Amino acid sequence: MSEVKNILLVGVGGQGTILASKILSTGLVEAGYDVKMSEVHGMAQRGGSVTTQVRYGEKVFSPIIDKGQADILVAFETMEALRWLDYLKPDGNVIINDYQIPSAPILIGKQDYPEGVLETIKSKVGTTVIKASEIAKDLGNVKAMNVVLFGAMVKAMKLTNISWEEIIADNVKTKFIELNVKAFKAGITADIK
Amino acid sequence: MKELLTGNEAVTRGAYEASIAYASAYPGTPSTEILENIAKNKDIIAEWSPNEKVAIETAIGASIAGGRSLCAMKMVGVNVAADPLMSFAYSGVNAGMVLISADDPGLHSSQNEQDNRYYAKFAKIAMLEPSDSQESKDMIVTAMEISEKYDTPVLFRMTTRVCHSKSLVEFGERQEIAKKTYVKNLQKFDLVPAVSRKLHVILEGKLKELEAFSNETSLNVIQWNDNKIGIISAGAAYQYAQEVFGTTASYLKIGFSYPLPMEKIRAFAQKVETLYVIEELEPFMEEQIKAAGIACIGKEKIPNCGELNPEIIAKALLGAEKTLIAVDTDLVPGRPPILCAGCPHRGFFYELAKKKNIMITGDIGCYGLGGADPLNAKDTCICMGAASSMGHGAQKIFNKFNENMRTVGVMGDSTFFHTGMNSLLNVAYNRSNTITVILDNRITGMTGHQENPGSGFTLQGMPTKIVDIPQLVKALGIDNIKIVNPLNLQEVKEALDWALTFDEPTVIITRWPCVLKKHSEKDKNEFGNYIGTCKVDEEKCIGCKMCLKTGCPALSFNKETKKVKIDVGQCVGCKVCLQVCPKKAINKVGE
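Protein chains in written order, with our numbering: chain W, 409 to 601; chain X, 311 to 901.
Treat the hints as calculated values from the structure; they're not laboratory data.
One or more hints might be untrue.
Away from chain W, derived, C-beta distances all over 10 Å, residues of chain X [to be verified]: (1) K434; (2) K494; (3) V511; (4) A602; (5) K611; (6) M715; (7) D789.
No farther apart than 25 Å at their CA atoms in a straight line, the calculated lysine-lysine pairs in the PhoX-like style are these [claimed, not checked]: (8) X/K312 <-> W/K430; (9) X/K869 <-> W/K518; (10) W/K413 <-> W/K566; (11) X/K581 <-> X/K611; (12) W/K413 <-> X/K625; (13) X/K827 <-> W/K583.
Facing chain W, a subset of chain X residues (Cβ under 7 Å, in silico) [what the hints assert, rightly or not]: (14) L314; (15) H418; (16) S475; (17) K476; (18) S477; (19) Q549; (20) E553; (21) T639; (22) L641; (23) P646; (24) L858; (25) S866.
This one's a predicted model, so the numbers in the text were calculated from it and none came from an experiment.
The C-beta atom is built at its ideal place from N, Cα and C for all residues, glycine as well.
Bound-form chain X, shown alone (with noise of 0.2 Å):
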C-alpha cells in the first residue's frame, strides 16, 4: 500500500521497519513531528529530552546498551548536541545509532540557515540525505545497517522541504532485530586521552571503508539520458534539477554524502561534457570535489544564501526567464505572525516596553515576537538560552563604564529548561543585577505545544514529575524571586519596579498558560476558563488608539466611526486592552 506522508512521517515508519527501541529529541522546527509521530507507536520508546544535548546522550546511551536508537533535532540544536557528538563518532556505536538534523534553508523558522552537512565531516561520521518521503523512509532502515557495520552514528539530514512535503510511499516490512548484548568495553566506550589516541586511528580506518562503501552503494546512484550535461545532486535539490532538466541531462543522484563516491564521481564527470554540482547552501560536495581535481560548475552560478527551487536554478544555468503576471506585490501589507489574541506574554512586554533605560536580551520562542510593532520590546536574540546568559555580561559592562542601563533577559519555560538555567545559575554565582523573566505559559509554544519537564505530562501525555521553578530558581542561587499573573498589567509593573530596585539578581516568573493551550484539570483548578469577551463602549470611545499599542489582533480601529473594534470571534477577555483603556471605555461583557 502506498501513503502520502510528509517525510517527518516516513521517518517514523521507517523507525519502526528498522525496530528501532528509543528515540529521544528537542522539539525544533522542522524536526517536531518526528517525535510526535514516534510516540504513536508502542513498539518504541519515545521521550522529549530538556535539550539537544541531552537528547542525544540518551539515545548514544540507549545503543550502547544495545537498542537501535534515534535521536532527532533542528539543525541549531546539533551545535548544542555536538560535545557528544564529535566524541561519539570515536567510540562509535553498539547497536545502531542515527542523528537526524532538520536544517531550514531559507530561514522559513530559524535565527541562521547553516549547512549541518559540514558536521558529518567535522565529527567523520557517515551521512545520508533523502530527497523525498519513501528516501526518508527507507533510508532510516539503511542508516541502522550501516551504522552497525561500520560502527559508526549516522547523520541523516533533513531540510524544511523534506521532512514538510508530503509524498507517496509504499510500506515495507518490520524487521525484528534482536537486541545486541552489553558487554563492558573500556577500550571502546570510556573515552580517556589513552583510549582516544587509539580510537582516532580506528576512525580514519573506518572512514576509508565508508568511502569505499560510498562507491558501490545504490544511495549513490548515476542516471543516464544526455551526455552533454552532468548533475550530481542531493537531497531535495535533486528533486528541482529533475524538475528543470528531466531527461535532457545524466544524474549522479547521492543519497549518500559523507564521505562521498569520489570515484563515482570522478568517473561520471569524465563521461559528460559538463558537470553541474547543484547543492542547496554551501558547497559541501563542490568543494570536495574540486579538491580531488575534478572540474564542476556549482556556486559561482547557484546561490548560496535561501532556499532553492526550479525557477533559481533554471535562471542560473539555462538564462531561464518566464513571463509573469504584473503585480507589484510591495503594495500587499505584510502578514508576519504575531502573538494571539489573549496570549499571556502580551500583558508583560506592554508593562516592560515602558521602562527607559533598558536593554532587553531575548531568547527564542513566542515571545520573540513581543518584539514586533507595536510591543517593541527585544534588543537581541541569538540562541536558546542565551537571555538571561547575555544580559548578564551586558550588565557587567554596563556597571563597569558606569552607564545607567539595566538589562532584562526573558526567557520562556521550555527555554529555562533547556539551557536557561545554566544561565541563570551563572547570573546567581558572579553576581550581576541582571533582571531574568521567565514567561512560564505551562508549555511549549511556538512549535505547537509540547509538553516539558514544567507541564505535568510526558510526550505520550502521561502524568509525570511537574519541576517547580520558584524552587528551582531558588536552588540556583536567586533569593529575590516575585510570581505575577501577566494579564494583570499594575501587578508586572509593580514587578519591574521592584526589580529595578536591586543591585543583585532577580527573578519575575509570569505565570499563566498559553491562550491556544488545552486546560489540565490542574490548569482548570488554577486559572479557570476564558469566559466572555471585551466589549468597546463607543460612547465613551474617544479613539485615542491606546489600545491598538497593545498589538493585539482582535482589536482594529474604524476609520469611518473613529472608534475601536473589537473582533468577538477572537477576543478571549483577557482584558489586557481594558486595563490600558483611560477612559474606561472597553468591559468585560458574558461572563
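Okay, chain W solo, but in the shape it has when bound (with noise of 0.2 Å):
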C-alpha cells in the first residue's frame, strides 16, 4: 500500500464531479488509505472547466496530481479528456464519457469542437468509452451518470473490495439510492480496456 495512487477527474461546472469524488475519498479514507484531494472552487458553477484531483496511499503529502502522474483521468465530458490528458503517466488509462458539452467559443461560432477527440486518445492510452449518460438516463435520471463513471473508475483501479454501494446510500438523498447503486453497478460491469 505505499506506492501513492492518482486519480484525476475532470468535467464541467454542474457535471457532479464532487459527490463522486466525495464517495471515492470516504471509501479510501474507510480502506484505511492516508488521502489527499484538491478541488478548485470559485467560478466552476458557471460552466468552466473542473477538476477534482484524489492521492492515496500510505502517506501522502502534496494534495495536487502533477502533469504525468495520474494513473488514471476519468472525463466527465469528452474534449475535457484531451484537456487533461498529458496528466496521465504514459501508460495510465482513460475513462471517457461519450458526451459533448460545448464551451463559449464553440456556442458562438468562434471555434468548432474538436473532431475525432476519442480516435486521437485511442492512438496514444488505454482507452474505455462509456455512454454513461444514456446509462443513466435510461436508468431514469441522466444526472447519475457521475456514478456511472465512477463504477467503471473503481473496475479499472481495482478498488472493488471497498464497500461503494453502502457509501453511495450515506452520500444520497434516499429517493435516488436506488438509481445511484443501478448507476455503480451499470458502471462496474463495464468492459475496461
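Reconstruct the complex from the two isolated chains, following the hints.
Here you go:
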C-alpha cells in the first residue's frame, strides 16, 4: 500500500464530479488509506472546466497531481479528456464519457468542437469509452452518469473490495439511492480496456 | 476519530475547540466556506459583514469586550481591513483574536496574487501558516494561545490549496475558555498620539518576545535526513518539497512564520551543505534570511509568479524532466466561465454593449463575465466598489477635455453594500454625470449565494431587515433613479437612453434574482417561478445568429440545418433571446 495512486476527475461545472470524489474519498479513508483531495472552487458553477484530484496511499504529501502523474483520468465530458491528457502517466488509463458539452467559444461559433477526440486519445493510451449519460438516462436520470463513471473507475483501479454501495447510500438522498446503486453497478460491469 | 476535511472546514473545528465566541467575514474565494461552516455551530456568534473592514472591526470589538474572535477574508480583503489592522497591532488584544487571510497563488479566482505574509511584518504581528487540514485545525487553537500570551492579533495565512484541499484531521477536545473581563483601559485601547507613541515601543518589545518564542516552538521544526540538502519551507510549498525530495533532504518546516526563528535557521543552515528556501509567491523568508547574512538559494531558481507544484520545484532545483503524453492542448477550445442561461445580467449587458462612446467601469462579481465574448461590455475591473468611483474620475477627465464620452459604472448589490455606497456618495457630492448601475440580483452570486443586507436573511438564514436600495441611493444624494427588469430589453434600453440625457448623476437599478438562487417566499411573490422554456420555430429561423450574440449557453448553432437550437435542459425561459430575434422565430412554450 506504499505507492501513492493518483485519480484525476475532469468535467464541466455542474456535472457532479464533486459527489463522485466525495464517495471515492470516503471509501478510501474507510479502507485505511491516507487521502488528499484537491478541488478548485470559485467560478466553476458558471460552466467552467473543473477538476478533482484524489491521491491515496500510505502517506500522501502534495494534494495536487502533476503532469504525467495520474494513474487514471476520468473525463465526464469528451473534450475535457484531451485538455487534461498530459496529466496522465504514459501507461495510464482513460475513462471517457461519450458526451459533448460545447463551451462558449463553440456556442458563439468562434471555434468548432474538436473532431476525432476519442480516436486521438485511443491512439495514445488505454481508453475506455462509456456512454454514461445514455446509461444514466435509461436508468431514469441523466445526472446519475457521474456514478456510472465512478463505477467504471472503481473497476479500473481495482478498488472493488470497498463497500461502495453503502457509501453511496450514505451520500445521496434516500429517493435517489436505488438509482445511484444501479448506476454504480452499470459502471462497474463495464468492459475496461 | 479522523475526518477528511478541507482546510476551511478544519479551521471551523479549530474555532470550536478553541472556544472562539465571535466570527465574522465578507465572502471571498477561497475563504468563504469558513464562516459558512462556523455558522452551523450554535456556540459561536457568526456573521456576514458588509465588507472586510467592518468584519475585522467587529472581531476587534469582540476581542476587547473579552470574547475570543476570528475574522476571515480573501487576501485582497485584507487591503480593505488594513486600516484597523495596523492600529489594532498597537493596542493588542483582550481575548485572543485571529485574522485569516486566504491568499490565491495562481489567481484561481482573484484579480491579483499578492502575498499577504508581508502584512504580518508590516503590522508587526505574529503569523501562522498551516500546510494541511490537520494544521489548519490545530493552529487555530495555538493562535488563540499565542494571541493572548503575547497580546497580539495573529495573522493566519492560508492559500487556495490549503483552504480547498481535503486531508485527514484528528479532532481534539474543546477547551472551555472563560470570557475575559472587560476593563476600560484608555492607555491600551484609545489610540490617540500620546498613547500610540508608548504602544509602539511596547510593540517592538512584543516582537522580541515573539522571536524568542519562534526559535523555541515546535511549530518550527527540524526533520533531519541527509544533510547535503537543507530545505526551509512553509504552507503548501512544504508539502510539495516533501513530495519532491522525500528523505533525501533535511527540512526546517516553518509553521510560525513571523517573526522568523532566525537562530534556528542559522543553526540549520550551518549543518547543511546547500540551503534551499522553497516558498510560494514572494521571497518573504528568503529576503529576511539573506538580510541576516545566511546564504541560501530561493527565487533565483523558483518562480515568484503563479502557484507552485512539485513539478516546478523538481524542474527548478533538480533539473528533472518527465516524459509526457504528447498532446497539443492548444487545439482544445477553452472553457471559460460564462453567465448562466437565464442570468438576469445578460439582458442588461446586451443593451449596454450597443451604446457608443461609453466607458464601462466594472466591479468584482459575476457581472465581470459580461466583459467576455460575445457581450464585451466592460472596460475595467480593479477592485470591489470601484465601478462608480472610477467612472466618476474618468467622467471628470472626459468632461474637462471636452471628449464625447460617458462612463457607466456597473456593480452588484453586495458590491454596492461593500464599498460601492461610498463611491456613489462621492458621485453625488462631487457632481458628475456618471451613470451608475446596480445589478441587484438579490444575493451575493459569484461566491455561491451568501446572504447580504439586501437579501432579507442573516448568515444562519434568520429573517432580518431588508435594506431598501432605491431609498439608500436617494439618501446618498441621487435624484434620478430608475428601477428596471433586466430581462425586458426595451425597458433596459429606455433606461440607458434616459440616463444618457442627464448632465447630473443617475442610477439604474436592475432588479431580478440570480437564476440559481433559491427563491424566498418574498421572491416568489415578486418574481414568480420559472415556467416553460424558449423554443425555436425552425420554419422561421433564418440562421442569422443574432440570438447567439446574447452569449446564452443554452443556445447553439446547428451547422447542418443552419438553425439555432435551444437546450431545454439549460433554458429557463427568460425570453431575452426571443426579444433579440428579428424574425420572431423564438417562442415561449410550456407556460
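We went through each hint and held it up to the structure:
no.	hint	in the structure
1	K434	32 Å, holds
2	K494	44 Å, holds
3	V511	43 Å, holds
4	A602	28 Å, holds
5	K611	18 Å, holds
6	M715	28 Å, holds
7	D789	36 Å, holds
8	X/K312 <-> W/K430	15 Å, holds
9	X/K869 <-> W/K518	13 Å, holds
10	W/K413 <-> W/K566	12 Å, holds
11	X/K581 <-> X/K611	22 Å, holds
12	W/K413 <-> X/K625	22 Å, holds
13	X/K827 <-> W/K583	23 Å, holds
14	L314	5 Å, holds
15	H418	5 Å, holds
16	S475	4 Å, holds
17	K476	4 Å, holds
18	S477	5 Å, holds
19	Q549	5 Å, holds
20	E553	4 Å, holds
21	T639	6 Å, holds
22	L641	6 Å, holds
23	P646	6 Å, holds
24	L858	5 Å, holds
25	S866	5 Å, holds
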